[in-house]
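For chain A, the structure is supplied; the task is to place chain B on it using the hints.
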Amino acid sequence: MDVQTLLNGLVLGGLYACIAVGFSLVWGVLNIINMLHGSFIILGAYLAFFAHAAFGAHPFLSLPFIAAALFGLGYVIQRGVINRVVSSPVLITLVLTFGLDMILYNAMVLGFSATPRRLALDMGRIDILGATLPLDRIAAMALAVALTAMLFQVLRGSRIGRAIVAVRMDRDAAALMGVRVPQIYAITFGIGACMAGAAGSLMSVVFPFSPAMTGLFLGKAFIVCVIGGLGSVPGALVGGLALGLIESMAGALIGPQEAVLAGFVVMLALLIFKPTGLLGKAGYE
Amino acid sequence: MSTLLAVEALESGYGDVQVLWGLDLTVEAGSITCIVGSNGAGKTTFLRTLSGLVKTKSGSVRFAGADVTGVEPDAALAAGIVHVPEGRRLFKGLTVQDNLLLGAYTRHDDGIMSDLEFVYATFPILKERRKQDATTLSGGEQQMCAIGRGIMSRPKLLLIDELSLGLAPKAVDRLSAALVDINAGGITILLVEQDVMTAFDLAATAFVVDMGRVVKFGATADLADDPAIREAYMGL
Chain A
0 MDVQTLLNGL VLGGLYACIA VGFSLVWGVL NIINMLHGSF IILGAYLAFF
50 AHAAFGAHPF LSLPFIAAAL FGLGYVIQRG VINRVVSSPV LITLVLTFGL
100 DMILYNAMVL GFSATPRRLA LDMGRIDILG ATLPLDRIAA MALAVALTAM
150 LFQVLRGSRI GRAIVAVRMD RDAAALMGVR VPQIYAITFG IGACMAGAAG
200 SLMSVVFPFS PAMTGLFLGK AFIVCVIGGL GSVPGALVGG LALGLIESMA
250 GALIGPQEAV LAGFVVMLAL LIFKPTGLLG KAGYE
Chain B
0 MSTLLAVEAL ESGYGDVQVL WGLDLTVEAG SITCIVGSNG AGKTTFLRTL
50 SGLVKTKSGS VRFAGADVTG VEPDAALAAG IVHVPEGRRL FKGLTVQDNL
100 LLGAYTRHDD GIMSDLEFVY ATFPILKERR KQDATTLSGG EQQMCAIGRG
150 IMSRPKLLLI DELSLGLAPK AVDRLSAALV DINAGGITIL LVEQDVMTAF
200 DLAATAFVVD MGRVVKFGAT ADLADDPAIR EAYMGL
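So the protein sequences, as listed, match chains A and B.
Take the first sequence: its position 137, counting from 1, is numbered 136 in numbering that gives the first Met the number 0, and each next residue is one higher.
Take the second sequence: its position 31, counting from 1, is numbered 30 in numbering that gives the first Met the number 0, and each next residue is one higher.
Worth double-checking, as some hints may not be accurate.
FRET-style restraints, in silico, Cβ to Cβ [unchecked claim]: (1) B/2 / A/91: 40 to 48 Å; (2) B/203 / A/80: 49 to 57 Å; (3) B/16 / A/149: 43 to 51 Å; (4) A/129 / B/124: 40 to 48 Å; (5) B/124 / A/124: 55 to 63 Å.
The hints are simulated quantities; they were obtained by calculation from the structure and are not laboratory data.
Here the structure is a predicted model, which means the values were calculated and not measured.
Note that CB positions come from ideal geometry on N, CA and C, so glycine has one too.
Bound-form chain A, shown alone (with noise of 0.2 Å):
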């Protein structure tokens, strides 16, 4: 493997690993495989991208703008609609977020037209052994790095994050220490969102996007969460870093048209090989 293809790879990586962290949160706690995730990337990235269009707001600036109107929606949809059925089947959530994607995948369609949009920034190019990386991929990775980071502190460090984990390990138990569980579930979701809207506006800077690619970062989530292991951050990293590896590997290897593919057949065979995934345990950390 050359150089080039691994950092390609680790850029990628980084990216996918934000995306995910926030999906495999909301499934960890609330036990709702959430299938808004994909739009609340793609809503992130117009969101950046008309923000630069209109007001000419660098993507990085206007980021923690996005992540907080998207932790906005995702609290009001959780606290209005979802809560309604948290304790069902996950088929019974399973449904309603799917209904939920339905509606504002359309409404972006309509709303944005389904046209592929691309946020330009072109902030010069860097060598790195030999290989060359755009530093706006780079900074938009580190970014995204670091807003996982920030998330496993949040988590481990701070009274809230007790809160989410102690919801997650025992409600009623949660609940005698004052926990007001609804309120839990609303701010875990509207954190999902909210990484979600935030890593959508790093891929902005990275990718092309329309309304048409919900689907594709959703199944991206879903599958850094089966790699890496659902219920933890540190497992949504690894797991992130892998599948933007194999898909830089499998693109060198066998063609960008198979990369996305590679991916999948990863996830099959961890599905039945290991199932709990390479950092897969039980607990949130």
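Coordinates of chain B only, in the frame set by chain A:
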């Protein structure tokens, strides 16, 4: 002594299954009171109703002069009713200290650290093990951690469900001594216990629950001599 908790004609249950059928009970401030009874009598359901985990159907609960009938768990906690649940229910994946701090989740006062020191002084082993996953502790230590977590909530009334379940006699003695100390510090304790001997040793007053009602109550010294109690619950 004044009455801290007064429960009248309490009815509750799970969905269509009613468990409590008009339970009456009072707890005096500063006391250790116990509830004994066989499996399925409704002891745990009663504690879960007090702390808001189980919905109240009817009846009334007055606590420290306020009506707390059917309140949510966070409101019961805010009133000073703290429930140490059966089976300890510590949070896996969190350290002993993080478990203890979750007990103080709703608090914003500056007494949290001094309460933590009090818990560590009461159970020194918890301080030694404060950085390890709470669920890797022995059963007795886990019960210490669960009680410590309860103390971190600043209770007026500490509800303890099955103090001795699954623990070695030595651990039970250790915990009993700690409860006496905690009670002497001003915390009223309502203990649910299947082991009647342990319960009667600790408590001055006992309520016997059967089929979701109180069927007998009185001083533990008197009840311990009651032939019906001795036969039904102490196997004598």
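State the violated hints by number, sorted upward, taking the hints as numbered earlier in the document.
-> 4
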